[in-house]
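*Asks:* Listed below are the residues making up each chain.
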Amino acid sequence: MQSAKQFTSIFGGVLVLFLVAPLIIRDTQFQHLMIMLLLFTTLSQAWNLIGGFAGQVSLGHAMFFGIGAYAAMAPLNQWGLTPWIGMAIGGLVAMVAAVIVGYPVFRLKGHYFVISTFAVAEVVRELFSNWDWVDGPIGLDAPLVEQGWRNFMFYHTKLPYHYTLLIFFAVVMFVAFRMERSRMGYYFRAIKQRPEAAQAMGVNITLFKQYAFIISAFFTAICGSMYGLYVLHIEPSTVLSLDISIKIVLIAVLGGIGSLWGPLLGATILISLQEYSRIWLGGTGRGIDLIVLGALIVIICVYEPNGIVGLIKRFSRKKRKA
Amino acid sequence: MPILEVKNLSMHFGELAALEDINLAVEKGEILGLIGPNGAGKTTFFNCITGFLNATRGDIFYKEQNITRFGPHRVCKLGICRTFQIVQSFNEMTALENVMMGAFCRHHLTGDAREKAEEILKFTGLQDKKNQLAGGLTLADQKRIELARTIATEPDVVLLDEVMAGLNPTETEEAIGLIQKVHEKGLTIIVVEHVMEVIMKISHRIAVFDSGELIVDGPPEEVVQDERVIKAYLGEEYHAES
Numbered sequence: 001m002q003s004a005k006q007f008t009s010i011f012g013g014v015l016v017l018f019l020v021a022p023l024i025i026r027d028t029q030f031q032h033l034m035i036m037l038l039l040f041t042t043l044s045q046a047w048n049l050i051g052g053f054a055g056q057v058s059l060g061h062a063m064f065f066g067i068g069a070y071a072a073m074a075p076l077n078q079w080g081l082t083p084w085i086g087m088a089i090g091g092l093v094a095m096v097a098a099v100i101v102g103y104p105v106f107r108l109k110g111h112y113f114v115i116s117t118f119a120v121a122e123v124v125r126e127l128f129s130n131w132d133w134v135d136g137p138i139g140l141d142a143p144l145v146e147q148g149w150r151n152f153m154f155y156h157t158k159l160p161y162h163y164t165l166l167i168f169f170a171v172v173m174f175v176a177f178r179m180e181r182s183r184m185g186y187y188f189r190a191i192k193q194r195p196e197a198a199q200a201m202g203v204n205i206t207l208f209k210q211y212a213f214i215i216s217a218f219f220t221a222i223c224g225s226m227y228g229l230y231v232l233h234i235e236p237s238t239v240l241s242l243d244i245s246i247k248i249v250l251i252a253v254l255g256g257i258g259s260l261w262g263p264l265l266g267a268t269i270l271i272s273l274q275e276y277s278r279i280w281l282g283g284t285g286r287g288i289d290l291i292v293l294g295a296l297i298v299i300i301c302v303y304e305p306n307g308i309v310g311l312i313k314r315f316s317r318k319k320r321k322a
Numbered sequence: 323m324p325i326l327e328v329k330n331l332s333m334h335f336g337e338l339a340a341l342e343d344i345n346l347a348v349e350k351g352e353i354l355g356l357i358g359p360n361g362a363g364k365t366t367f368f369n370c371i372t373g374f375l376n377a378t379r380g381d382i383f384y385k386e387q388n389i390t391r392f393g394p395h396r397v398c399k400l401g402i403c404r405t406f407q408i409v410q411s412f413n414e415m416t417a418l419e420n421v422m423m424g425a426f427c428r429h430h431l432t433g434d435a436r437e438k439a440e441e442i443l444k445f446t447g448l449q450d451k452k453n454q455l456a457g458g459l460t461l462a463d464q465k466r467i468e469l470a471r472t473i474a475t476e477p478d479v480v481l482l483d484e485v486m487a488g489l490n491p492t493e494t495e496e497a498i499g500l501i502q503k504v505h506e507k508g509l510t511i512i513v514v515e516h517v518m519e520v521i522m523k524i525s526h527r528i529a530v531f532d533s534g535e536l537i538v539d540g541p542p543e544e545v546v547q548d549e550r551v552i553k554a555y556l557g558e559e560y561h562a563e564s
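These protein sequence lines map, in sequence, to chains A and B.
According to the numbering used here, the residues represented by the first sequence are 1 to 322, in order.
According to the numbering used here, the residues represented by the second sequence are 323 to 564, in order.
Same shape as in the complex, but just chain B (with noise of 0.2 Å):
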C-alpha cells in the first residue's frame, strides 16, 4: 500500500491546466524525484498534496486516508511537511528557533521544542550556528534550516522544493549527503531538482512532468534514455553524452 497516492489530480488556474490528471503512488521510504522543464507544475502539485492550493478534481491518499481538502497545517500534523523553492526563513529568529518553529508541530512546551531543535541542528550539522539571525546566514545555510525545520515536524513524508538551486558544488555534495542521512531515518522523500547529477543519484524513481502532465515515471536509468524525456527536457546533448 503506498504513503502517498495522487489519484485523477487536476489543477486549474482558469483556462490554464498547471496540473492535469496526474496519478502518482509514493512508497514507504521511497526517494521519488520529480523533474520537468520550468513551469510543468512540479511546484504546483506540491502545492496541491500539502494544501496550499485546493484542487479542481481528483483524490489525494495519505495512509489510505483523503486529505484532498485539508490546509497546509492539517497536512503537516498528519506527517507530510515542505520546504519552499524560495527559501522562507523566518529572518528575525536565530536558526534554533527556526527549527523549534517545526518542533512545536509535536513538542508543545518551549522546552521540549527546544531540546527536539538541538537534537536536529545537530543531526544537520548547524549547531555552530544556532544563535544567529536566519536572515544573516547564506543561501545554503538558509536551505539547510528550511530543512532542519521541516524534519524537526517529524514528518513521514518529506517534499523538498530544490533545495539545491543555487548552491556551489561542495554545498550540492554536502546537501544530498543530508538528504541521503535524511532517508536513512525511514523517511519517504520526494524531491524536485533541476540538476540532472544530483536526481540521477538519490532518486530510486523518478517522474517526469511536462506541461502539467505526468509524462514518464520509472527507474532513472530508463527515465533518461526515454524518447520524450530527452525531448521535453534533456535536450539531445543530455542523450549524447550519456
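The shape of chain A in the complex, shown without the other chains (with noise of 0.2 Å):
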C-alpha cells in the first residue's frame, strides 16, 4: 500500500494538472480529451471498488452508467426538471438496483456474480429500448434550456463540465484513498483472496460484497449523468451497452485492477486512443483503439496481470536492488 504521503503528493499533483490544463491549453479537442479522461477514471475507479478491491468482477456497469444517464436527462427532457435532482435520483436508483442484483447472487461462490450482471444489464437495456416515455430505441436529446449551472447545460464553453467531473473524480479518488485503509478496504481485499478465511475472522462477506457493489453503482450512476447532459444525446444502445461495460473493466485491467492510480493510468492510454485514432483517422480508424487495446490487454495477461501499475512497482523494486 502506498503511504499516505507519498498519495496526498500525487494526487494533489495530479489534481493542479487537471485545473490548469483546459485553461492553458485551449484546442477544444483536448478539452474533450481531458474530461472523457476524467470521466472514465472516475467510472473506472467506481468500478475498481468492487471489481477490483473487492474482487467481484461485474460486467453489467452499463446499467448504472445508463440509470443515471436516463435519471438525468428524462426529467430534464419532459418536465424540465433540474438535472441535480436527476442524478440524485439516478444515485438512488442504481443503489436500489445494486440491492437487487446483489441480494441474490453474494451469497453464491464462483462465477455467478459475473454471469448475472452480464445478463441483468442486458435485461435492463431491453427495457429501456422498449419504454416509450424515454422514446425507446431512439433515445433522448437534451432540451434546448436556457444555459447555466441550473439545467447544466453549456453551449460555448466545456469547463464546467470539466471542472464538475474534476471534482466528482476527487471525490470517488478520496474515497478509494480512504477505504483502502479502513477496515472495509481490508474486507474488501481479505474477501477476494480468501472468502473462508475472510468469514472465520468475522466478517459477513455477503454484506461487504454488497457494501461496495452499492458504492460503486451509485458513482458510476453519477458518471452517466454527467455523459449524459455532456453529450446531450442518450439512447440504450450507447449509454446501456456492453461496450460500456468492457470499457470500464477494461480501463482498470489495463491499468492495475485493485490499485488506486491504475483507472487513470488505463485511461489515459485507452482514452487518448480511442480519442486521437477517432481524430485524426474519422470513420475509417473506427476500431483501431480496441485493436491496439486487444494487443496491450494479451501484453498485459501474459507479461505482468498488475496492469502498468504492477509494470511500475516491479520496475522500481529493480532499480532499488541494483
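Hints were generated in silico from the structure; no laboratory data involved.
There is no bait here: all hints are sound.
Distance condition first, Cα-Cα at most 25 Å in a straight line; then the derived SDA-like pairs of lysine to any residue: (1) B:452 with B:410; (2) A:192 with B:462; (3) A:5 with A:16; (4) A:192 with B:416; (5) A:318 with B:413; (6) A:318 with B:451; (7) B:553 with B:516; (8) A:158 with A:13; (9) A:158 with A:16; (10) B:444 with A:3; (11) B:452 with A:3; (12) B:451 with A:320; (13) B:452 with A:179; (14) B:452 with A:310; (15) A:319 with A:306; (16) A:318 with B:460; (17) B:452 with A:6; (18) B:452 with A:177; (19) A:109 with B:407.
A few chain B residues that don't get close to chain A, going by computed Cβ distances all over 10 Å: (20) 451; (21) 491; (22) 524; (23) 552.
All C-beta atoms, glycine included, are put in the ideal place defined by N, C-alpha and C.
Build the complex from these two chains, which are given one at a time in their own frames, with help from the hints.
*Replies:* Okay, structure coming up:
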C-alpha cells in the first residue's frame, strides 16, 4: 500500500494538472479528451471498488451508467427538472438496483456474479429500448434550455463539465483512498483473496460485497448523468451497451486492477488512443483503438497481470536492488 | 456448565454420514484433543461448529446459546474462532495485515486494530516478519500467523485444525509452546492433530472419532489403552510401544 504522504503528493499534483490544463490549452479537442479522461477514470475507479478491491468482477456496470444518464436526461426533457435532482435520483435508483442484483447472487460462490451482472444489464437495456416515455431505442436529446448551472447546459464552453467532473474524480479517488486503509478496505482485500478465511475472521462477506456494489453503483450512475448532460444525446445502444461495461473493466485491467492509480493510468492510454484515432482517422479509424487495446491487454495478461501499476512496481523494485 | 456443548449432532452428505449422533461437551479452560483416522469427521465437526456447514440434525450450544444455524461470521463474533487444515493465509497481505484482519473483529478503527495486532505478533514471536508478505513465508510461519490472527479475534474458544501438520520437530516444539501459552491466557482449545506425541502432551482430554462416530472420550492415558482406539487408529504397534 502506498503511504499516505506519497498518495497526497501525487494526488495533489494530478489535481493541479487537471485544474490548469484546460485553462492553458484552449484547443477544444484536447479539452474534450480531458473530460473523457476524467469521466472514464472516475467510472473505472468506481468499478474498481467492487471489481478490483473486493474482487467481484461486474460486467454489467452499463446498467448503472445508463440509469444515471436517463435519470438526469428524462426528467429534464419531460418536465424541465434540474438535472442535479435527476442525478441524485439516478444515484439512488442505481443503489437500489445494486441491492436487487446483489442480494440473491452474493450468497453464491464462483462466477455467478459476473454472469448475472452481464445478464441483468442486457435486460435493463431491453427495458429502456421498449419504454415509450424515454422514446425507446431512439433515445433522448437534451432539450434546448437556458444555459447555466440550473440546467447544467453550457453551449459555448466545456469548462463547467471539466471542473464538475474533476470534483467527482477527486471525491471518488478520496473515497477509494480512505477505503483502502479502513476496515472495509482490508475486508474487501480479504474477501478477494480468501473468502472462507475472511468469514472465519468474523467478516460477513455477503454484506461487505453488497456495500462495495452499492457504493460502486452510486458513483457509476453519477458518471452516467454527467455523460448524458455532456454529449446531449443518449440511447440504450450507447449508454446501456456492453461496450461501456467492458470499457470500464478494460481500463482498470490495463492500468492495474485493485490499485488506486490503475484507473487513471489505464484511462490515459485507452481514452487518448480512442479519441485521437477517431480525430485523426475519422470513420475509417473506428476500432483501431480496440485493436491496439486488445494487443495491450494480451501483453499485460501474459507479462504483468497487475497492469501498468504492476509494471511500475516491478521496475522500481529492480532499481532499488541495483 | 460446559462452554461448548454438542448434542446429537449429525452431518449427512447425501447417503454419507460424515458425523453421526455426536455428543460432546467442552469445559471452560480445557484443552480437548480430537484424533481419528482420515475421514473420521474431525474437520466436518469443526465446520459444523463454526457455521461453515449446516448440521443435518442436532444442536450446538455455546454459553447456553443455541448457535446451530449461525453463519461463520456470527460464530466468530460470539467468540469461537478456527484455523484451517490447509493453511489459508491472505497471501498478498503482510503478516501484520493478516493479524489485523483478526483484530478488526473487535476493533473497528485501523489504528486500534494495528495496535492489537502488534501486541499479538509479539506474543506469538512474529514481530520480525511483520512486514513480509504472508504468501512468501514458510509453512511454519504461515501456520503461526493463522494462529495469531485467530487469537486476534479475542475468542474464548479456539479450534485448531492440524496446526502442526508438515512441521519439522523443532517447529512442532515451538508450536506446542505457543499453544500452551495461548491456553495460559485462559482460552479453551480444541485441537485436531495426527501426531500422537503432541496430542498426548497437550490435551487434558482426548475424543476419538471413527467413521463419523465418537468412539471414546476420556483422559489421554485411558484413551491410548482403549481397545477400540487401538484398533481404529493407533494400530497394534503403538500399543506394544507404550
